[in-house]
Amino acid sequence: MTATAGAGLVVEGLEVSYGDVRALHGVDITVPAGSVTAVLGANGAGKSSLAAAIGGAGPVDRGRIVVDGEDVTRWPAYRRARAGVAYVPEGRGVFPHLTVLDNLRAMLRRAVPAADRADALARAMDTFPVLHERRRQAAGTLSGGEQQMLALARVLAAPPRLLVADEMSLGLAPRMVDVVFDGLRRAEDEGVTILLVEQYVERALDLADEAVLLRHGEVAWAGPVGDARAEVRSSYLGG
Amino acid sequence: MSPRLEGRGISVRFGGLLALDRVDLEVADGAILGLIGPNGAGKTTCFGVLSGLVRPQSGQVLMDGHDVTGASPQRRARAGLARTFQRLEVFSGLTVREHLVVAYRSRGRNVATRIALDCLGAGRRPFSGEDEAIETILDRLGLTKLAAAPAGALPLGTGRLVELGRALATRPRVLLLDEPSSGLDADETAALTELLRSLQAELDLSLVLVEHNVDMVLGLAHRVTVLDFGQVIADGTPAEVRASEAVQTAYLGAAP
Amino acid sequence: MTTYLVTGLVVGSVYAIATLGIVLTYSSTRVFNFAQGAIAFALAITFYELTVDHGWNPRWAAAVTVLVVSPLLGLVLWAILFRRLADAPSSVRLVSTIGLWVALPPLTGLIFGRDERFAAPSAVFDPPHQYEVMGVGVDSNDVAVIVVAAVAALLLTVLLRATPFGLSVRATVDAPSMAATVGVNTSIVSAGSWMISTTLAGLAGVLLGTQRGFTLPQFTLLILGCFAAVVIARMHSLPLAFAGSLGLGVVQELSKSVVVGDFLDQFFERQSVWIRGLPQIIPFTVMLIFLLAYRGLGQERFSTDTRRADDAPTVEDLDGPPLAWWRRLLPVAVVVVCVLAAPLVLSGLWEGIAAKGLALAIVFLSYTLVAGSGGMLSLCQISFAGIAAAITADLATNHGVAIVVAIPIAALVVVPIGLLAAIPSLRVGDLYLALATLALAVLVDNTYFELPSVNNFDQGVDVPRPEGFGDDLPFYYLLVACFLVVALLVRNVRRSTTGLELDAMRSSEQAVATIGVGIVRSKLVVFGLSAFVAGVGGALFATYSGRASPEQYSVLLGVVWLAVVVTWGVRSIVGALLAGLSFAVFPQLASEHLTGAWLELPTVLFGLGAIGLAREPRGVVHQIVHGRRTQERARRQRARLRATPSPVPAGVEGGGA
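Chains as they are written, first to last, in the numbering used here: chain A, 1 to 239; chain B, 240 to 495; chain C, 496 to 1152.
Derived by calculation from the structure, the hints in this document are not laboratory data. There may be inaccurate statements among the hints.
Stated by the list, open to error - Cross-link-like lysine to any residue pairs, in silico, SDA-like; alpha carbons within 25 Å at most:
#1 B:K384 x C:Y626
#2 B:K384 x B:P365
#3 B:K384 x A:T99
#4 B:K384 x B:L359
#5 B:K384 x B:G309
#6 C:K751 x C:W551
Claimed, not checked - Some chain C residues well away from chain A (every beta-carbon gap over 12 Å; in silico):
#7 A639
#8 V668
#9 V679
#10 V684
#11 N893
#12 F952
#13 D953
The beta carbon of each residue, even a glycine, is placed where N, CA and C say it ideally should be.
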């Protein structure tokens, strides 16, 4: 498939390896602009490598990554971020030793024009009032859920063109998982194209428009979410 | 009789994240314990605590009833605890055979004897019984042909076998395996399962298995402990665990 | 007492300025700048030349040096060196800035000449005003230095806390890859940090020069103070670095006061070197105290260079597949034949030079052990060599012990001295070992080597050659034999279980720990052996020279030694031999063909060699033996191995147990 006009993200023939270990061999994914695609698969299937490659934080051996019609494959991470690609890495996408306020400042500085920065900061705090309460606290001392709120606040205060969210619900209590998915839904409403790497299959499929199932670094299945459940169940828990 | 390895009320906190919350588990003599749970549930952290690489904030680790919570990884290894790693930790400068040699000799001579032997050039002379022991392990794992290959250049599946061989060469009584099947295809996984089953019986090992491949664990383990959000949410025989609703929910997430 | 307090604050302020720079660049780029003192020196000389030789107004000269030349130098060094180090193996990161430390002072000499520089007009008040505060005379320039340091720290704080650039720096320090994904251009952060750091070095240099003179030893002591403060700050904390520097300066100066002197008189003679050397004993002691105190905090609280799983490959990992036996042995055979046949073609003078090179090569084999096998960067091998030389001289000349007996005894004595620096620092990390060994070397330089019985009015003490080896030719062959014996020892250790453990350790310390191998113990064994080897080599070197004179074993020379060894290849025995020979031959060639500042050309080359490791981490010997095709062959072998399916376990094929 070639890049289509309406595609927010096109990944073509992506190959990634770390040293001698091949993580992805030739992955093709198209995410229509403004839609959500869930990337599912077992541990070690290559989900995080895919997310990192798109965010610019991981290596790319071969293939193309196109965001809104622009080929960003050779761009360094900072340039992608400035062009509207928001990548939330696996684990916690925050600066642990900076305060909440500094975290938001650092995250928003390149995401919004100077004139709008103060407003964006205020918007981010409004989204999750707990962040305002904790604004002088180091982000690493927040609970896991609050850290993900911080990462989401940045996305909601200045909606990027593309959000690559890698397992944002990892290790969170169920109530906090709800908060994360609420936030993602709001981002979708803002028109953000989302590539969602998730382990909570049901929740992810509920939010997504399409799903991609990775197995051993290859796309094992791709299609609309309606058909995805049965496919995934057999792949995760065995027949 | 006290279990070979036991964790009592282990809690680990990383910054604001409670990675393990009062986890209890025990491995009886010659038993296989499966430790499963979704990503981020705390399985690998739990292995870190058991093997001495992660200090818990509270709780105890006991081997044969002796408290080893404060003991270094080295001391635990000499007491018969061995492990493999989820992210491969092979020694890239060493050959496959040398991995086993280093491990075999870790319970060896005192420092003074060693320095003397090292300087005189006798430092690499095999210990008595070493060669046979190592050949046996290589043979069991099917690594004999690769004995002289540098480990840094091996594919992932073989690397896992090298780690297993290295662990076995320490002559362990308890073996912790962290995601042994990840990166292996279905055939390799089946072969590995059989191998572990027979090794366990032959060597009177107690095995603890962290796995994402639920089928493999349920088929192999005598007992299964399920972690989620750092807490034990289920503990029982494979059949009990398979039927548990809590486990279904933990894996697929509750339908909203 | 108050006088010492004021001068202590002045000294501490200069430390603080330079230390802030080291901490800043280490935090933001993971490169520890051993060359901070050398950079300060080069910039101080620039200031001196502008004022004294070109007659600039000192204030203008200072402003231009600090605000224009310094950041430019930082930018240039970043572009040609520091930029490349970000992805380099940690061993290369350490050694490259040491190369810069070696090369920069003689390069400065090449540019500005090697004149004696006595004093320059003060950059602030000339002549200074004198005040009286609480009955103590205070110089306005002293006050100025303290104020300047406080202002510099304040500006740096404001820059980091209240500017967008500062936010980018702090984000990068906290999580580099994360910073890039929110749009921070980490190259600009890195270049900017280096420019700020060299600016601070320039400021420290100008202040130190005008206060204490423009001589290199002053700047060596400067970095020693800085490094102790860096240890106090655990490499990262700017406030601790600032406070630690001031505290260290005060303690150092107070140690010179009469009260302390009187107290120590009860134990030592007045004017004993132990009292005069006290300011140099303090940094080492402070490091030891803080290392021991921090040890309890646990490894993870130190974000040093200790290997993380995602760290760059080590030097050894980059090695290609094993070569055919004849290709491995060929270079060794060629070298052995050349060394044995050399006296046939060499004249008397060159015979002696070659013998000197062989003696040095034996010392250099200690680096092959400690750094090559053990992966530890020791900066005090030269002190081991010097101490053993002095003890040998004392035993042989003053106590009539036969030289062949004296040498091993002396070499054994240095082992516990070495362990004194290694034991506390090794648990904490390799970088701390480098700093602790450097501090130990400076301490030995300023105390033991200053003892009248050792120093003997700069003459040193005579060392007789063994009977029958008085002439250079037989002595040359004796050294060849010694070298071969030590080389065999090094090879044996490398091939022993301990050597195997150390090789394993470089790949994964975690895995080594979990198979029951004591990491620290194996490292200490190798460190102790390397001290012994350095001692033997140092004593033989003194035997060659006929006397053990401490100036041959100074800290700075030791740093050059390290640069030479790593240039040729720190894992190679032949590399150590060639390093020893080139260290003897190059200066001789230089003295025959060059004059003036150009005499230092070999040192510049050695330093540049170490800097060049950023491009070729395995050294020259590896390059020659393995050639350029190694990498390609390694890749091909890996591809082949990957293609073979992973073996089916035997137990399964045989149908289970």
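A quick look at each hint next to the structure:
1. B:K384 x C:Y626: violated, 84 Å
2. B:K384 x B:P365: holds, 20 Å
3. B:K384 x A:T99: Between K384 (chain B) and T99 (chain A) the Cα gap is close to 55 Å, so the pair fails against 25 Å, i.e. violated.
4. B:K384 x B:L359: It is violated: about 31 Å lies between the C-alpha atoms, which goes past 25 Å.
5. B:K384 x B:G309: violated, 40 Å
6. C:K751 x C:W551: violated, 36 Å
7. A639: It holds; A639 (chain C) is separated from chain A by about 34 Å at its closest Cβ, greater than 12 Å.
8. V668: Violated, since 8 Å does not exceed 12 Å.
9. V679: At roughly 6 Å from the nearest Cβ of chain A, V679 (chain C) sits no farther out than 12 Å, so the non-interface label is violated.
10. V684: violated, 10 Å
11. N893: holds, 58 Å
12. F952: Holds: least Cβ distance 55 Å, greater than 12 Å.
13. D953: Holds: least Cβ distance 52 Å, greater than 12 Å.
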